[in-house]
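Visitor: Below are the chains, spelled out letter by letter.
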Amino acid sequence: GAGVSQSPSNKVTEKGKDVELRCDPISGHTALYWYRQRLGQGLEFLIYFQGNSAPDKSGLPSDRFSAERTGESVSTLTIQRTQQEDSAVYLCASSLEGGGGNTIYFGEGSWLTVV
Amino acid sequence: GQSLEQPSEVTAVEGAIVQINCTYQTSGFYGLSWYQQHDGGAPTFLSYNALDGLEETGRFSSFLSRSDSYGYLLLQELQMKDSASYFCALSGGSYIPTFGRGTSLIVHP
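Those protein sequence lines, which keep their order, are chains R and E.
Sequential numbering of the first sequence, starting at 1, is according to our numbering.
Sequential numbering of the second sequence, starting at 1001, is according to our numbering.
Check before you lean on any hint, since a few could be wrong.
As the list claims (entries may be wrong) - Simulated restraints on C-beta separations:
(1) Thr-76/R x Glu-1077/E: 41 to 47 Å
(2) Lys-57/R x Ala-1050/E: 25 to 31 Å
(3) Ala-1050/E x Gly-59/R: 23 to 29 Å
(4) Asp-18/R x Glu-1055/E: 42 to 48 Å
(5) Glu-20/R x Glu-1014/E: 41 to 47 Å
(6) Glu-14/R x Ser-1003/E: 34 to 40 Å
(7) Asp-18/R x Asp-1068/E: 44 to 50 Å
(8) Gly-1001/E x Ser-66/R: 19 to 25 Å
(9) Thr-76/R x Leu-1074/E: 36 to 42 Å
(10) Gly-1015/E x Gly-71/R: 48 to 54 Å
I should point out that these hints are in silico values taken from the structure, not numbers from a laboratory.
Computed from a predicted model, the values in this text were never measured in an experiment.
Glycine included, C-beta positions come from ideal geometry on N, C-alpha and C.
Start from the sequences, fold in the hints, and give me the full structure.
Guide: Below, the structure is given as structure tokens:
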């Protein structure tokens, strides 16, 4: 596609439910990133994929969070047993390659509200 | 590890020039990027500096001094639409860009 596409754009879920957030990166981009942004805050790194592999999962805040990428394309971020502190915008980004110097392009984000 | 510091808020008037500073700490360095984010929108890329000096892109310029671990974004001829958050991002010793907490720029008429 022309840009990074994320779905759903908005999600309201009850505490304790599981949610799945999807990201379609720019076609041909091998690197994919997930960030979390709480209201009025900076971007918090969650996980990085190079191809289908995740060499860096260091940002995942707990074992309730997991992510996968298939076909060197679509990625899914799953949050199990959601908590209110999970409420945030989840931003996906992609770049042509991983590594310094590569511009990363963001999607519009998935706004998650846990009630 | 890596860390970045930037002011939380800057205000200026339309037509003015404003500078947003960013200092960083890192064990390795590839470059410093700047992103703009309007309320409710996605961060969008503005500029990238890998070498010392000034990079100019229209009304926006970005400067880097690697010896001082310092950079800034310069916005000229400010317009109301420039009101947004601006993030510096460090490509350091890892493949993961690390973002600062962002600077909220408020442009007044």
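Visitor: Please go over all the hints and tell whether each is borne out by the structure.
Guide: Now for the hints, and whether the structure bears them out:
no., hint, in the structure
1, Thr-76/R x Glu-1077/E: 41 to 47 Å, "holds (43 Å)"
2, Lys-57/R x Ala-1050/E: 25 to 31 Å, "holds (27 Å)"
3, Ala-1050/E x Gly-59/R: 23 to 29 Å, "holds (24 Å)"
4, Asp-18/R x Glu-1055/E: 42 to 48 Å, "holds (44 Å)"
5, Glu-20/R x Glu-1014/E: 41 to 47 Å, "holds (44 Å)"
6, Glu-14/R x Ser-1003/E: 34 to 40 Å, "holds (36 Å)"
7, Asp-18/R x Asp-1068/E: 44 to 50 Å, "holds (47 Å)"
8, Gly-1001/E x Ser-66/R: 19 to 25 Å, "holds (24 Å)"
9, Thr-76/R x Leu-1074/E: 36 to 42 Å, "holds (40 Å)"
10, Gly-1015/E x Gly-71/R: 48 to 54 Å, "holds (50 Å)"
Every hint, counting from the list given before, is met by this structure.
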